[in-house]
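Protein chains in written order, with my numbering: chain A, 1 to 326; chain B, 1 to 127.
It should be emphasised that the hints constitute simulated quantities derived from the structure, not laboratory data. Careful, some of the hints might be misleading.
[To be verified] Below, simulated EDC-like cross-link-like pairs (lysine to aspartate or glutamate); rule was C-alpha separation at most 20 Å, straight line:
| no. | chain 1 | residue 1 | chain 2 | residue 2 |
| --- | --- | --- | --- | --- |
| 1 | A | Lys280 | B | Asp116 |
| 2 | A | Lys300 | B | Asp79 |
| 3 | A | Lys300 | A | Glu180 |
| 4 | A | Lys300 | B | Asp116 |
| 5 | B | Lys24 | B | Asp79 |
| 6 | A | Lys280 | B | Asp79 |
| 7 | A | Lys300 | B | Asp29 |
| 8 | B | Lys75 | B | Glu15 |
| 9 | A | Lys300 | B | Asp28 |
| 10 | A | Lys60 | B | Glu15 |
| 11 | B | Lys75 | B | Glu96 |
| 12 | A | Lys60 | A | Glu191 |
| 13 | A | Lys60 | B | Asp39 |
| 14 | B | Lys75 | B | Asp101 |
| 15 | B | Lys46 | B | Glu36 |
| 16 | A | Lys300 | B | Asp101 |
| 17 | A | Lys60 | B | Glu41 |
| 18 | A | Lys166 | B | Asp116 |
| 19 | A | Lys300 | A | Asp260 |
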Amino acid sequence: MPVLHHGDLHVAVEPGETALDALLRGGVAVPNSCRAGACQSCRLRASAGAPPAASQVGLKETLRQRGHFLACLCRPEEDLTIAVGEDPPQDATVVSITDLGADVVRLRLRPASPLAYRAGQFVTLLRPDGLARSYSLASVPDPDDDILELHVRVLPHGRMSGWIAKDLRAGARVQVRGPEGDCFYTASAPEQAIVLIGTGTGLAPLYGIARDALRQGHRGPITLLHGAVTPAGLYLVDVLQDMSREHDNFHYLRCALHGDPAEGLEIGGIEAVAARHFPKLAGHRVVICGDPDRVAALRKQSFLRGARMSEILADAFVTAPPPPAV
Amino acid sequence: MVSLYDELGGAPAIEAAVDIFYRKVLSDDHISRFFEGVDMERQAAKQKGFLTMVTGGPNSYTGKDMRVGHAHLLKLGLDDSHVDAVVGHLGDTLRELGVNDERIAQVAAIANSVRDDVLGRSPQASA
Numbered sequence: 001m002p003v004l005h006h007g008d009l010h011v012a013v014e015p016g017e018t019a020l021d022a023l024l025r026g027g028v029a030v031p032n033s034c035r036a037g038a039c040q041s042c043r044l045r046a047s048a049g050a051p052p053a054a055s056q057v058g059l060k061e062t063l064r065q066r067g068h069f070l071a072c073l074c075r076p077e078e079d080l081t082i083a084v085g086e087d088p089p090q091d092a093t094v095v096s097i098t099d100l101g102a103d104v105v106r107l108r109l110r111p112a113s114p115l116a117y118r119a120g121q122f123v124t125l126l127r128p129d130g131l132a133r134s135y136s137l138a139s140v141p142d143p144d145d146d147i148l149e150l151h152v153r154v155l156p157h158g159r160m161s162g163w164i165a166k167d168l169r170a171g172a173r174v175q176v177r178g179p180e181g182d183c184f185y186t187a188s189a190p191e192q193a194i195v196l197i198g199t200g201t202g203l204a205p206l207y208g209i210a211r212d213a214l215r216q217g218h219r220g221p222i223t224l225l226h227g228a229v230t231p232a233g234l235y236l237v238d239v240l241q242d243m244s245r246e247h248d249n250f251h252y253l254r255c256a257l258h259g260d261p262a263e264g265l266e267i268g269g270i271e272a273v274a275a276r277h278f279p280k281l282a283g284h285r286v287v288i289c290g291d292p293d294r295v296a297a298l299r300k301q302s303f304l305r306g307a308r309m310s311e312i313l314a315d316a317f318v319t320a321p322p323p324p325a326v
Numbered sequence: 001m002v003s004l005y006d007e008l009g010g011a012p013a014i015e016a017a018v019d020i021f022y023r024k025v026l027s028d029d030h031i032s033r034f035f036e037g038v039d040m041e042r043q044a045a046k047q048k049g050f051l052t053m054v055t056g057g058p059n060s061y062t063g064k065d066m067r068v069g070h071a072h073l074l075k076l077g078l079d080d081s082h083v084d085a086v087v088g089h090l091g092d093t094l095r096e097l098g099v100n101d102e103r104i105a106q107v108a109a110i111a112n113s114v115r116d117d118v119l120g121r122s123p124q125a126s127a
């Protein structure tokens, strides 16, 4: 009989039982409602073992690849370890901190042991005093290069970002936890048109995903639209322009809410610019990262313009509130 | 008799139907305000539960769920016209998927059977 591992609990799944039955019997309060695979309240993730495909029906491909499953539909064929709580952090050494302009710094880290991640996921950076902030990975996994790249927006009162920009030096030790996140490239449809839309440092995961897709031989068109409040908020412009010259199927668009239009730079809200360039999104994969309000609006707009819910990936970057004034 | 749920193709077919249905609902100015501020994916999961129920799929929603779930919308003015709109979009979705009128009428009847729950009314005699 397959065994489910959930923290310190090890429960054998009895014949005819689902994973939900077994876990509830073992005293785990798994949220559940319909018991029919419709409401998805019972969604869990297997960090070890493969849940049967039948228990993953209705989940996005990225979630399926990360081992998410619906406990009420799961009749395990092998032992499963349910992901509980956070992974333990590991040490990492700062390799470099580089100013990218637009108040963004590129932080390169070398973890103590290579991190198994997908481009577009995020890690949590831990300062020695315990302060923690999550940043998306802009790097692409590479067997020859274990460096992690983060893009950090330096905020006026940013405790972590201020420390990174002012105090952190190459050679310093930090810790990273993760990876987490379900925004990454999957190679199931190499001819599919992919649209990547980001605001601010939402560019970081999209830059990683674009390179990952190209490296995996994606053939369909990949269009990256980056938006900022002003033209000065755009960064990696030269790098992305080079990338679009190098790859026939990669296209780079940029826009700013305010400012003077220029060659290749559109002025307007990112939703309006996106609507102009992508009036019909049926059959497209859309990945949206950055400001939460823009992400929500772009998700809805993309869906209404024909993108399937299962083909829209979104990662909203929530900024920690500033410390209370003393 | 085979359920419409199975005839359509079960869970994967309902997946596709939800996209079509939810898109119609969100594009309808008469009802879209009731979906403001709701996480799209969570809402789509509920639409999936609703479509599963009305097509005779594995049981998901009860009348009580519908009553409790819509109670906060009554303050926003939810009324019969909005339920009519949703049932209309349901029919249009099924028509797009090639379902015949007789089956659509059966599904509409099931949807209408929870009207009083959705609108927080005690069961009424048909007008």
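Consistency of the hints with the structure:
1. Restraint check for Lys280(A) and Asp116(B): not satisfied, since their Cα atoms lie roughly 38 Å apart, outside the 20 Å limit.
2. Distance check on the hinted pair: Lys300(A) and Asp79(B) sit about 25 Å apart at the alpha-carbon level, beyond 20 Å; violated.
3. Between Lys300(A) and Glu180(A), the direct Cα distance comes to roughly 24 Å. Violation of the 20 Å bound is thereby established for this hinted pair.
4. Distance check on the hinted pair: Lys300(A) and Asp116(B) sit about 30 Å apart at the alpha-carbon level, beyond 20 Å; violated.
5. A threshold of 20 Å between alpha carbons decides the hint, and for Lys24(B) with Asp79(B) the separation of about 19 Å falls inside it, so the pair holds.
6. Between Lys280(A) and Asp79(B) the alpha-carbon distance is near 33 Å, which puts this suggested pair outside the 20 Å criterion.
7. Between the alpha carbons of Lys300(A) and Asp29(B) the distance comes to roughly 14 Å, so the proposed pair stays at or under 20 Å and holds.
8. For the hint linking Lys75(B) to Glu15(B), the alpha-carbon distance of about 31 Å lies beyond 20 Å, and the restraint is violated.
9. With a C-alpha separation of about 13 Å, the suggested pairing of Lys300(A) with Asp28(B) holds against the 20 Å cut-off.
10. The straight-line distance between the Cα atoms of Lys60(A) and Glu15(B) is roughly 11 Å, inside the 20 Å bound, and the hint therefore holds.
11. About 33 Å separates the Cα atoms of Lys75(B) and Glu96(B), which puts this hinted pair outside 20 Å; it is violated.
12. With a C-alpha separation of about 18 Å, the suggested pairing of Lys60(A) with Glu191(A) holds against the 20 Å cut-off.
13. Taking the CA atoms of Lys60(A) and Asp39(B), the gap is about 16 Å. The hint holds against a cut of 20 Å.
14. With a CA separation close to 34 Å, the supplied pair Lys75(B) and Asp101(B) exceeds the 20 Å bound.
15. With a C-alpha separation of about 15 Å, the suggested pair Lys46(B) and Glu36(B) falls inside the 20 Å cut-off, and the hint holds.
16. Taking the CA atoms of Lys300(A) and Asp101(B), the gap is about 31 Å. The hint is violated against a cut of 20 Å.
17. Pair hint Lys60(A) plus Glu41(B) holds up; C-alpha atoms about 11 Å apart against a cutoff of 20 Å.
18. Taking the CA atoms of Lys166(A) and Asp116(B), the gap is about 62 Å. The hint is violated against a cut of 20 Å.
19. A C-alpha spacing of about 28 Å is found between Lys300(A) and Asp260(A), which places the hinted pair above 20 Å, so the restraint is violated.
Violation of the numbered hints given earlier is confined to hints 1, 2, 3, 4, 6, 8, 11, 14, 16, 18 and 19; the remaining hints are satisfied by the structure.
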